[in-house]
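Position chain B against the provided structure of chain A, taking the given hints into account.
Protein chains in written order, with the working numbering: chain A, 1 to 467; chain B, 468 to 856.
One thing to keep in mind: the hints can contain errors.
What the hints assert, rightly or not - Here are the simulated DSBU-like cross-link-like pairs (lysine-lysine), alpha carbons at most 30 Å apart as the crow flies:
| id | chain 1 | residue 1 | chain 2 | residue 2 |
| --- | --- | --- | --- | --- |
| 1 | B | 548 | A | 93 |
| 2 | B | 658 | A | 62 |
| 3 | B | 852 | B | 814 |
I should point out that these hints are in silico values taken from the structure, not numbers from a laboratory.
The lines below spell out each chain.
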Amino acid sequence: MPLHQFHFNASISSSSSPFLAPPSAFNSFSSRHQNFSLPPRDLGICRCVATPQEAKTPTAYKTNVSRNANMGKLQAGYLFPEVARRRNAHKEKYPDAQVISLGIGDTTEPIPDVITSSMSKKCQALSTLEGYSGYGAEQGEKSLRAAIRSTFYADLGIDDDDIFVSDGAKCDISRLQVVFGSNVTMAVQDPSYPAYVDSSVIMGQTGQFQTDVEKYANIEYMNCTPENGFFPDLSKSPRTDIIFFCSPNNPTGAAATREQLTRLVQFAKDNGSIIVYDSAYALYMSDDNPRSIFEIPGAREVAIETSSFSKYAGFTGVRLGWTVVPKELLFSDGFPVARDFNRVVCTCFNGASTVAQAGGLACLSPEGLKAMHEVIGFYKGNTEIIMDTFNSLGFKVYGGRNAPYVWVHFPGRSSWDVFAEILEKTHVVTTPGSGFGPGGEGFVRVSAFGHRGNVLEACKRFRQLYK
Amino acid sequence: FWKQISLRQHQHLEQHPDASLISLGIGDTTEPVPDIVTSRMADFASGLSTLEGYRGYGAEQGNKELRKAIAETFYKDVNVKDSEVFVSDGAQCDIARLQLLLGSRVTASVQDPSFPGYIDTSVIIGQAGDLDHETGRYHRLEYMKCGPENKFFPDLRRTSSTDVIFFCSPNNPTGHAATRQQLEQLVKFAKDNGSIIVFDSAYATYISDDSPRSIFEIPGAKEVAVEISSFSKFAGFTGVRLGWTVVPSELCFSNGFPVIHDFNRVVCTCFNGASNIAQAGGLACLSSEGFEGVRTRVNYYKENAEILLDALASLNIKAYGGQNAPYVWVHFPGMNSWEVFDMILEKANIITVPGCGFGPGGEEFLRISAFGHRESILEAARRLKALFS
Numbered sequence: 001m002p003l004h005q006f007h008f009n010a011s012i013s014s015s016s017s018p019f020l021a022p023p024s025a026f027n028s029f030s031s032r033h034q035n036f037s038l039p040p041r042d043l044g045i046c047r048c049v050a051t052p053q054e055a056k057t058p059t060a061y062k063t064n065v066s067r068n069a070n071m072g073k074l075q076a077g078y079l080f081p082e083v084a085r086r087r088n089a090h091k092e093k094y095p096d097a098q099v100i101s102l103g104i105g106d107t108t109e110p111i112p113d114v115i116t117s118s119m120s121k122k123c124q125a126l127s128t129l130e131g132y133s134g135y136g137a138e139q140g141e142k143s144l145r146a147a148i149r150s151t152f153y154a155d156l157g158i159d160d161d162d163i164f165v166s167d168g169a170k171c172d173i174s175r176l177q178v179v180f181g182s183n184v185t186m187a188v189q190d191p192s193y194p195a196y197v198d199s200s201v202i203m204g205q206t207g208q209f210q211t212d213v214e215k216y217a218n219i220e221y222m223n224c225t226p227e228n229g230f231f232p233d234l235s236k237s238p239r240t241d242i243i244f245f246c247s248p249n250n251p252t253g254a255a256a257t258r259e260q261l262t263r264l265v266q267f268a269k270d271n272g273s274i275i276v277y278d279s280a281y282a283l284y285m286s287d288d289n290p291r292s293i294f295e296i297p298g299a300r301e302v303a304i305e306t307s308s309f310s311k312y313a314g315f316t317g318v319r320l321g322w323t324v325v326p327k328e329l330l331f332s333d334g335f336p337v338a339r340d341f342n343r344v345v346c347t348c349f350n351g352a353s354t355v356a357q358a359g360g361l362a363c364l365s366p367e368g369l370k371a372m373h374e375v376i377g378f379y380k381g382n383t384e385i386i387m388d389t390f391n392s393l394g395f396k397v398y399g400g401r402n403a404p405y406v407w408v409h410f411p412g413r414s415s416w417d418v419f420a421e422i423l424e425k426t427h428v429v430t431t432p433g434s435g436f437g438p439g440g441e442g443f444v445r446v447s448a449f450g451h452r453g454n455v456l457e458a459c460k461r462f463r464q465l466y467k
Numbered sequence: 468f469w470k471q472i473s474l475r476q477h478q479h480l481e482q483h484p485d486a487s488l489i490s491l492g493i494g495d496t497t498e499p500v501p502d503i504v505t506s507r508m509a510d511f512a513s514g515l516s517t518l519e520g521y522r523g524y525g526a527e528q529g530n531k532e533l534r535k536a537i538a539e540t541f542y543k544d545v546n547v548k549d550s551e552v553f554v555s556d557g558a559q560c561d562i563a564r565l566q567l568l569l570g571s572r573v574t575a576s577v578q579d580p581s582f583p584g585y586i587d588t589s590v591i592i593g594q595a596g597d598l599d600h601e602t603g604r605y606h607r608l609e610y611m612k613c614g615p616e617n618k619f620f621p622d623l624r625r626t627s628s629t630d631v632i633f634f635c636s637p638n639n640p641t642g643h644a645a646t647r648q649q650l651e652q653l654v655k656f657a658k659d660n661g662s663i664i665v666f667d668s669a670y671a672t673y674i675s676d677d678s679p680r681s682i683f684e685i686p687g688a689k690e691v692a693v694e695i696s697s698f699s700k701f702a703g704f705t706g707v708r709l710g711w712t713v714v715p716s717e718l719c720f721s722n723g724f725p726v727i728h729d730f731n732r733v734v735c736t737c738f739n740g741a742s743n744i745a746q747a748g749g750l751a752c753l754s755s756e757g758f759e760g761v762r763t764r765v766n767y768y769k770e771n772a773e774i775l776l777d778a779l780a781s782l783n784i785k786a787y788g789g790q791n792a793p794y795v796w797v798h799f800p801g802m803n804s805w806e807v808f809d810m811i812l813e814k815a816n817i818i819t820v821p822g823c824g825f826g827p828g829g830e831e832f833l834r835i836s837a838f839g840h841r842e843s844i845l846e847a848a849r850r851l852k853a854l855f856s
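Okay, chain A solo, but in the shape it has when bound (with noise of 0.2 Å):
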């Protein structure tokens, strides 16, 4: 069964084009809603329209620059854009229902009152002769990336200027991708999150996509199943230059053992690799597993780690994220990764806002790390939750305990059939585990940001559907 895909009767103009995502909300800064009417669709298959749309007409005019054949390269939308259209179309069609959606995970829950205030007070500042401040350091506040330090790197041997804020991970991982450039080959988990593999496409890593396999040629899919625990036989597994990995893992929510990235990180020291450690979800381990990749002895001169306080502080909107560059990772000739990574964050970017930084701060005073817990405790209990229903279904359940995420199995079952399956009889959003790679077939992400009332209900409607 292919992937994911969309069949539209009319003409596409810009507003409903399936690469677009769709245009924001009704209200102001609302997520993700849509404002446009799509043909009532049938759910069953749908084919995406992954080639280039011609000018509306063919004597319209066309520049002579030649498309970029990397972005051709992408097989439609990136999936959350995707995820979302589904949801509004569905809500289209049902507009009494009340749809709830455990899909895309955005956080729910406010901000805990001592950091707003301080972007409050950040903001009032601005609007004074001695508040006002300008450009800041595109690598970020020095009083920031100190805290960042000593919050999740003391001891760990990391200095305050391996620390480098930013806007979020997403758009780190693809500033990390520029530093590596098009000659790199790169290993992702399979399933894993959708940037790493779709920011490989877009800088020239890899070949064409193999709709036979659903892998793009020439990037390593490292398989992570319950058969190997989440984790990749590295005997099997050839040499790249770079190594993606998340831990705890978006989607399966598997946290990677010490013993399990003591392997990693010798793997990638015999091979001369660089893992990009994918740290975001560190803070909702309950188990005693490394939240930082630098736990493991040699990592610093491996691996590069990248985090966000999107899931920890409900940022997602914010925009707030870090990455470590530590001294002792150098490419080949010697050249230390952080002064090209300083100068792509130099030339690329000009710093996270001040504001969000501001905040940043306040997240981790005494205060901020007790209020950013219990949000988090909140959300480990919504995944709780999920985690019980499903399993009193019936169904193999993973992840949940280390990650705001549920990993249910639906044996040989198309997942976005399953998605749809779900969409359509509860009303609820998930995401199907293909999004992820062809590794997350048969599987859905059901993720546990929500209102705890939606979340009860979402199971409610599980527990009907499934019983």
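Below, chain B without anything else, positioned relative to chain A:
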């Protein structure tokens, strides 16, 4: 390059710890943001602590109201649609995203001198080839000389065609705002050659005369141009981070594929939207009261520029720009721009920017930026008069 300036600044301060340094170098805004704007931002931030006011992920393309407000404020008469406006965290970031979209195989031309970001991102993405150390030019880039001799507009008859043309007006660093006639020529040139213009209009609100504020004022531009802009110099948002790019739906690659689709894809994959607090601020800036407020700041900086221009005129020093941009472009014929920079730093304790940092066409020039508190500007003007009379 900016590091070099920083370095010399530090060295100077070490040698003269009591020097009262005036920085007219990096174009960083200095005046507070109007209350009406920051109070809305503060309210929005506080609102994030409430059930009703909490917002998670926003649309990567930007908040719908803000996109609409941008289209209506800046592009009212040229029919730019909301859906063609992409809100960002600033022009520098958008330039990089455009380069990512365009890829390594396109050829590019830049004005000479120009904002270094176009060249640097071009190099990083792999378009520019190697640097020729003698000329200071990258082999595969086309440099369009812009100087007093050609009214700061390239001789397009002598310009090789490239896929992409980076054009900034009002210009950083020269301050020149291209005339309607010049931009018509540019659009025609792009049309004849099938090129895409990346038009940087970040300083449009500084225009005093009736020079076009947007490339889309030129008929036919929608088929050949994207426009980038920013709240940085308009609203003092250099630290807050907010800007936008307009990609017309008419703009197509050679195979007919709309550029806007690819830009949207890059925005969704490599970006996650501008900060919602910054966007709340942007919306406030475009309200009538907010717009009034930010305009007064722009006028303040324009008055600064006038003061500097007057000072230089009184010294019979040839200075360009300053009327349509917050930069004054000063000519020191026959002199090396780093030497002039050093001299002014040493003797007048003023930081400026040597023109060579903007390309070989900047040699012999100095950029003096007009951002600063009035007293600093007045003091700088006094010192320049003292130095050069």
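Of the numbered hints stated earlier in the document, which are not met by this structure?
none
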